[in-house]
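Participant: Here is how the chains run, residue by residue.
There are 2 protein chains.
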Amino acid sequence: MSAIDLVKQRVRDVPDFPKPGIMFKDITPVLADPSAFNICLDLMAERYDTSSFDAIVGIESRGFIFGAALASRMRKAFVPARKPGKLPAATHRVEYALEYGKDAIEIHRDALKKGERVLIVDDLLATGGTAAATIELVKKVGGEVIGAAFVIELTFLPGRERLKPVDAFALIQY
Amino acid sequence: MSAIDLVKQRVRDVPDFPKPGIMFKDITPVLADPSAFNICLDLMAERYDTSSFDAIVGIESRGFIFGAALASRMRKAFVPARKPGKLPAATHRVEYALEYGKDAIEIHRDALKKGERVLIVDDLLATGGTAAATIELVKKVGGEVIGAAFVIELTFLPGRERLKPVDAFALIQY
Chain A
194 MSAIDLVKQR
204 VRDVPDFPKP
214 GIMFKDITPV
224 LADPSAFNIC
234 LDLMAERYDT
244 SSFDAIVGIE
254 SRGFIFGAAL
264 ASRMRKAFVP
274 ARKPGKLPAA
284 THRVEYALEY
294 GKDAIEIHRD
304 ALKKGERVLI
314 VDDLLATGGT
324 AAATIELVKK
334 VGGEVIGAAF
344 VIELTFLPGR
354 ERLKPVDAFA
364 LIQY
Chain B
194 MSAIDLVKQR
204 VRDVPDFPKP
214 GIMFKDITPV
224 LADPSAFNIC
234 LDLMAERYDT
244 SSFDAIVGIE
254 SRGFIFGAAL
264 ASRMRKAFVP
274 ARKPGKLPAA
284 THRVEYALEY
294 GKDAIEIHRD
304 ALKKGERVLI
314 VDDLLATGGT
324 AAATIELVKK
334 VGGEVIGAAF
344 VIELTFLPGR
354 ERLKPVDAFA
364 LIQY
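Line order of the protein sequences matches chains A and B.
For the first sequence, my numbering begins at 194 and goes up steadily by one.
For the second sequence, my numbering begins at 194 and goes up steadily by one.
Quick caveat, the hints were computed from the structure, so don't treat them as lab data.
It is possible that part of the hints are untrue.
Copies of the same chain look alike in the list, so a pair counts if it works inside one copy or between any two.
Below, in silico cross-link-like pairs of lysine to aspartate or glutamate (EDC-like), each with a Cα-Cα straight-line distance of 20 Å or less [what the hints assert, rightly or not]:
no., residue 1, residue 2
1, K276, D296
2, K218, D247
3, K218, D206
4, K279, D296
5, K357, E346
6, K306, D247
7, K306, D226
8, K279, D206
9, K212, D296
10, K279, D219
11, K201, D303
12, K333, E309
13, K218, E346
14, K279, E292
15, K201, E239
16, K218, D303
17, K279, D209
18, K307, D226
19, K332, D247
20, K357, E337
21, K276, D209
Just chain A, with the same shape it has in the complex (with noise of 0.2 Å):
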């Protein structure tokens, strides 16, 4: 069995959440097994260069249990974006669509310095509305986005479109 074969068994489809009709992939299976859960983290630090980046933006709240462990390992800093509110500095703020009105996140004005490589992380890309949000505050605050790394995307929706021309990497499509 391949390394991701491990990580795909890991994956739980739980039905009917967050709403009726929808089959959501619960990866705490994957975070429960300690080897499938740094096998995400290999996968993603191979892929990227250590020398083509400055810092994670993980995004809240399950980028956080990939970015972090990402950027400790990698010895990047680590930056959260997070829900409104929720930063206790001044922040930039970037409103994006909901399927039924709009949510917003936020980031430190002061979480970048101008011209800082930055990878996003996440753990799903789905129709990639937080993570072009995402894209956003990094500009806002000086930096560029230099790829957006996912354990898993659901291709039928057009998240990687909407990311471009951000680079969108998934270790699991579906």
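Using the hints, position chain B against chain A.
Facilitator: What follows is chain B alone, placed relative to chain A:
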């Protein structure tokens, strides 16, 4: 300068957050410095014998940052304790009192095997309400809490007392 002094230097005071009169200890500058972030993980890893526990339960959201990185490094299972409605499968929930009103935290019912030994990780020990609720959650799913590790402890609040007999360990005390 000692290792922990580097971390202390990176903790930033943000006045009047989350409300007027509160001086918030902001750890985002710690995360932005790979040396400081890894010192936190080094010191936590040194404190706990790797054979003394099986899983790390990280408390949403900043506990995910330290807990998942530590779990990866120590090759332990990582289990997220999350705000209500965020975990997709069947959960246990524990409510706890806030200054005004109440909050709750959840864990997957199948997150731990019976008798698994757990280290709880969060960034801040203040009143101890969330951590005490998380201890209760771990017991509900059959786990045994061997300790609770924090980056920062506010010693003018009774968090440490509230967690007893679970031992609280903090890298920095104010």
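Participant: Now tell me if each hint is right for this structure.
Facilitator: Do the hints match the structure? See the list:
In this assembly of identical chains, the alpha carbons of K276 and D296 lie at most 20 Å apart whether taken from the same copy (8 Å) or from different copies (18 Å). Proximity of K218 to D247 under the C-alpha cut-off of 20 Å is found in neither arrangement, the shortest distances being 30 Å within a copy and 25 Å between copies. When the C-alpha separation of K218 and D206 is checked against a cutoff of 20 Å, the pair qualifies only within one copy, where the shortest distance is 5 Å, while the shortest distance between copies is 38 Å. With identical chains, the CA atoms of K279 and D296 are at most 20 Å apart both within one copy (14 Å) and between copies (16 Å).
Within a single copy, K357 and E346 get their C-alpha atoms as close as 15 Å, which meets the 20 Å cut-off; across copies the closest is 43 Å, which misses it. In this assembly of identical chains, the alpha carbons of K306 and D247 lie at most 20 Å apart only when taken from the same copy (10 Å versus 39 Å across copies). With identical chains, the CA atoms of K306 and D226 are at most 20 Å apart between copies only, with a shortest distance of 12 Å across copies and 36 Å within one. Taking the closest pair of Cα atoms, K279 and D206 come within 20 Å of each other only across two copies (15 Å); inside a single copy the shortest separation is 30 Å, beyond that limit.
In this homomeric assembly, K212 and D296 come within 20 Å of each other (Cα to Cα) only inside a single copy, at 17 Å, whereas the closest approach across copies is 23 Å. Taking identical chains as interchangeable, the C-alpha atoms of K279 and D219 lie at most 20 Å apart only when they sit on different chains, with a minimum of 11 Å there against 25 Å within one chain. Proximity of K201 to D303 under the C-alpha cut-off of 20 Å is restricted to the inter-copy arrangement: shortest distance 19 Å between copies versus 38 Å within a copy. Taking the shortest alpha-carbon separations for K333 and E309, only the intra-copy value of 12 Å comes in at or below 20 Å, while the best inter-copy value is 45 Å.
When the C-alpha separation of K218 and E346 is checked against a cutoff of 20 Å, the pair qualifies only within one copy, where the shortest distance is 10 Å, while the shortest distance between copies is 36 Å. Taking the shortest alpha-carbon separations for K279 and E292, only the inter-copy value of 18 Å comes in at or below 20 Å, while the best intra-copy value is 23 Å. In this assembly of identical chains, K201 and E239 lie within 20 Å of each other by CA distance solely inside one copy; the values are 18 Å within and 32 Å between copies. For the homomeric pair K218 and D303, the shortest alpha-carbon distance between copies (16 Å) is at most 20 Å, but the shortest distance inside one copy (34 Å) is not.
Proximity of K279 and D209 under a CA criterion of 20 Å is satisfied inter-copy only: 13 Å between copies versus 29 Å inside one chain copy. In this assembly of identical chains, the alpha carbons of K307 and D226 lie at most 20 Å apart only when taken from different copies (16 Å versus 38 Å within one copy). Proximity of K332 and D247 under a CA criterion of 20 Å is satisfied intra-copy only: 14 Å inside one chain copy versus 41 Å between copies. Only within a single protomer do K357 and E337 lie at most 20 Å apart by alpha-carbon distance; the minimum there is 13 Å, versus 47 Å between protomers.
Proximity of K276 to D209 under the C-alpha cut-off of 20 Å is restricted to the inter-copy arrangement: shortest distance 19 Å between copies versus 24 Å within a copy.
In summary, the structure is inconsistent with hint 2 from the numbered list given earlier, while agreeing with all the others.
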